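*Asks:* In order, the protein sequence lines correspond to chains F and R.
For the first sequence, the tail end lands on 185 under my numbering, and the numbers increase by one without skipping.
For the second sequence, the tail end lands on 1265 under my numbering, and the numbers increase by one without skipping.
Think of the hints as simulated: they come from the structure by calculation, not from any bench.
These numbers were taken from a predicted model, which means no experiment stands behind them.
Glycine included, each C-beta is placed from N, C-alpha and C at the ideal position.
A hint or two may mislead.
[Stated by the list, open to error] EDC-like mimics (lysine to aspartate or glutamate), calculated; alpha carbons at most 16 angstroms apart, straight line:
1) Lys-1176(R) <-> Glu-1159(R)
2) Lys-1212(R) <-> Asp-1181(R)
3) Lys-1225(R) <-> Asp-1171(R)
4) Lys-1257(R) <-> Asp-110(F)
5) Lys-1257(R) <-> Glu-131(F)
6) Lys-1196(R) <-> Asp-1238(R)
7) Lys-1176(R) <-> Asp-1203(R)
8) Lys-1257(R) <-> Glu-1156(R)
9) Lys-1196(R) <-> Glu-131(F)
10) Lys-174(F) <-> Asp-1203(R)
11) Lys-1257(R) <-> Glu-1193(R)
12) Lys-1222(R) <-> Asp-1238(R)
[Stated by the list, open to error] Far from chain F, some chain R residues (derived; all Cβ distances over 12 angstroms):
13) Glu-1169
14) Thr-1219
15) Ser-1228
16) Pro-1265
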Amino acid sequence: NAGVTQTPKFQVLKTGQSMTLQCAQDMNHEYMSWYRQDPGMGLRLIHYSVGAGITDQGEVPNGYNVSRSTTEDFPLRLLSAAPSQTSVYFCASSSGGVRGPKYFGPGTRLTVT
Amino acid sequence: GENVEQHPSTLSVQEGDSAVIKCTYSDSASNYFPWYKQELGKGPQLIIDIRSNVGEKKDQRIAVTLNKTAKHFSLHITETQPEDSAVYFCACGGGADGLTFGKGTHLIIQP
């Protein structure tokens, strides 16, 4: 199994641009989530999904969209990038009824100028 | 919502000694308490977790204890080794809102 994969690893955007961070898992996990990590702030939940077709907001959802058309994929869309969205983004998955991340991807480091 | 406090923010111990990291939480409905280890440039890795119906769990040199009455839980690492150097995060939750994370502890193992 590849586990949780994320692309790209690094990205630089200009303010106002949009982009999609890709996330995929091959473990047939029903629960997937997106976190952002900022220095001194720990990990904060952006959006999560408990299964295909079901998504919900986390602690910091503004400026981000998600969709879950398949069990494997959970892309995160930045609608209009802002410097405050400069961060490291982690996708995660789990199963077995645990509504929290068990396996994290390697992360995407995003800089918005 | 849930509020998690993690202490200390930095912990330096001699190789071979024990390390203890503590977290307190506010929501008595939380029932799942995982700990993660994050090495530089990598995603967090789940290292141990405990549910609210258990007071202690051990896995080799790592143990977690939970005091539901006092709303705190701790990570214990014994016989620390250089590869234990990393940032450790506690988290809690388990309900529909997922997990709330502490701000992390930078563990430094001194040779």
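*Asks:* Taking the numbered hints from earlier one at a time, note which ones the structure violates and give those numbers from smallest to largest.
*Replies:* Numbers 2, 3, 9, 12 - these are the hints that the structure violates, sorted from lowest upward.
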